[in-house]
Amino acid sequence: MAVKEAYTDNRRVTVKVPASTANLGPGFDSLGMALSMYAWIEMSASQTGETVFRLHGDGMDGLPTDKSNLLYKVAQLVFDEAGVSVPELTIEMYSDIPLARGLGSSATAIIAALVAANALIGSPLDDLKLFELATKLEGHPDNVGASLFGGIIVAAWDGETVQHARIEPPARLETLVAIPAFELATEKARHALPSGLAMADAVFNVGCSSLLVAALASGELGLIRHAMKDRLHQPYRAPLIPGMTEILERATDFGALGAALSGAGPTMIAFVDAESESGSKAELESFLQETLRKEGIQAETLWLAPCVSGPVVTVETLSADADQGGETFLERIKGERA
252 MAVKEAYTDN
262 RRVTVKVPAS
272 TANLGPGFDS
282 LGMALSMYAW
292 IEMSASQTGE
302 TVFRLHGDGM
312 DGLPTDKSNL
322 LYKVAQLVFD
332 EAGVSVPELT
342 IEMYSDIPLA
352 RGLGSSATAI
362 IAALVAANAL
372 IGSPLDDLKL
382 FELATKLEGH
392 PDNVGASLFG
402 GIIVAAWDGE
412 TVQHARIEPP
422 ARLETLVAIP
432 AFELATEKAR
442 HALPSGLAMA
452 DAVFNVGCSS
462 LLVAALASGE
472 LGLIRHAMKD
482 RLHQPYRAPL
492 IPGMTEILER
502 ATDFGALGAA
512 LSGAGPTMIA
522 FVDAESESGS
532 KAELESFLQE
542 TLRKEGIQAE
552 TLWLAPCVSG
562 PVVTVETLSA
572 DADQGGETFL
582 ERIKGERA
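Taking my numbering, the leading residue of the sequence shown gets 252, the next gets one more, and so forth.
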């Protein structure tokens, strides 16, 4: 067994990572886009000889605060890959991204921990290596790719290697998300999918996904209404989200370019041309809310711009008495959260 190099620097790393939406309709497990909703993680080598977690934000209460925590385990993967030993960590996290809602909360956590751990030891791993590690952990590249590179990601994963191309989101593109007040585990949403698919449906999805990529890359936003159609996963997941089928079919009547289930759901996302005069934002927002409300579902709606950048990293050198006073983690990121 190779001997690991002991970590001796005294850094504190803060990383801000965007949320993401995956699939974009037809691009199952291959298309993703970063969104302007964020999570922050702060990581340093423990000064007490014990691993310490401080988790902030809605939905964090039930997460483990020992070494079974995903953030710790992901960080150790980076250290193992780099041949560095940092067994005890201090980790703080705050997230605005709701858990199990289809906005890439697990992918964001993975990317945050990978990037923070890598920066903590001097960034020996490049982004492509981090992308590979993240894809293996997540099982698909769409969410993690979007959070790591920002913008729109087109990716292919064969189980061993991952390839991607990045598209700059069109400047006029906006999104509206409707986040239902219930969680939907990705595993449950995947169990709803069939084990096989008709050739005609596969061909349909290949065509729509290809057209969607071309529309986003060229800025031909008018094509999106024809491209954001799917026969691969959304029809099978619709029973899990009452009102979803009506939203997919009628969102364009209220000014949307198109609509989709965000990732595995239950969040719904509508794409909008900010410069279009067809329909109003208020009408579209009301349609999404009322459609879900008719089914007894309360939902929060948010307008989110695509996020064009990946993680923002800040590295500080700590003094010996860094934990004896000064700003707290939440105070340090307060301005960015506002």
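Keep in mind that the hints were calculated from the coordinates and are not lab data.
Keep in mind that a hint or two might mislead.
Claimed, not checked - Label-pair distances were calculated between CB atoms; the ranges are:
| no. | residue 1 | residue 2 | range |
| --- | --- | --- | --- |
| 1 | Ser461 | Thr579 | 32 to 38 Å |
| 2 | Glu500 | Gly473 | 33 to 39 Å |
| 3 | Glu411 | Thr259 | 30 to 36 Å |
| 4 | Ala453 | His307 | 39 to 45 Å |
| 5 | Arg476 | Thr579 | 46 to 52 Å |
| 6 | Asp309 | Ala453 | 24 to 30 Å |
| 7 | Gln549 | Lys380 | 40 to 46 Å |
| 8 | Gly447 | Asp260 | 49 to 55 Å |
| 9 | Arg501 | Arg423 | 32 to 38 Å |
| 10 | Ile418 | Arg544 | 33 to 39 Å |
| 11 | Thr579 | Lys324 | 34 to 40 Å |
| 12 | Ala436 | Lys324 | 17 to 23 Å |
| 13 | Gly577 | Glu551 | 32 to 38 Å |
| 14 | Ser287 | Gly447 | 36 to 42 Å |
Think of the CB as a built atom: it goes at the ideal place given N, C-alpha and C, for glycine as much as any other residue.
Legend entry - Distance restraint evaluation - Arg476, Thr579, Cβ atoms, bounds 46 to 52 Å: holds (47 Å)
Inset, instruction - State, for the Cβ atoms of Glu500 and Gly473, whether the hinted interval 33 to 39 Å holds or is violated. - result: Since the Cβ atoms of Glu500 and Gly473 sit about 19 Å apart, the hinted range of 33 to 39 Å is violated.
Inset, instruction - Starting from the range 36 to 42 Å, see whether the pair Ser287 and Gly447 falls in it by beta-carbon distance. - result: holds (38 Å)
Inset, instruction - Mind checking the hinted window 49 to 55 Å against the Cβ distance between Gly447 and Asp260? - result: Check passed, 53 Å falls within 49 to 55 Å.
Inset, instruction - Take a look at whether the Cβ-Cβ distance between Thr579 and Lys324 falls inside 34 to 40 Å. - result: violated (25 Å)
Legend entry - Asp309 paired with Ala453, Cβ distance criterion 24 to 30 Å: Violated - the Cβ-Cβ distance for Asp309 and Ala453, about 39 Å, lies outside 24 to 30 Å.
Legend entry - Satisfaction of the hinted span 17 to 23 Å by the C-beta atoms belonging to Ala436 and Lys324: For Ala436 and Lys324 the Cβ distance comes to about 19 Å; the hint holds.
Inset, instruction - Go ahead and decide if the range 30 to 36 Å is satisfied by the Cβ distance of Glu411 to Thr259. - result: Given about 35 Å between the Cβ atoms, the range holds.
Inset, instruction - Determine whether the Cβ-Cβ distance between Arg501 and Arg423 falls within the hinted range of 32 to 38 Å. - result: Roughly 22 Å apart at Cβ, these two residues miss the hinted range, so it is violated.
Inset, instruction - State, for the Cβ atoms of Ile418 and Arg544, whether the hinted interval 33 to 39 Å holds or is violated. - result: Hint holds: Cβ distance 35 Å, inside 33 to 39 Å.
Legend entry - Outcome for the supplied range 39 to 45 Å, where the beta carbon pair is Ala453 and His307: Given about 44 Å between the Cβ atoms, the range holds.
Inset, instruction - Determine whether the Cβ-Cβ distance between Gly577 and Glu551 falls within the hinted range of 32 to 38 Å. - result: 35 Å Cβ-Cβ, so the 32 to 38 Å window holds.
In terms of the numbered hints stated before, the structure departs from hints 1, 2, 6, 9 and 11, listed from lowest to highest.
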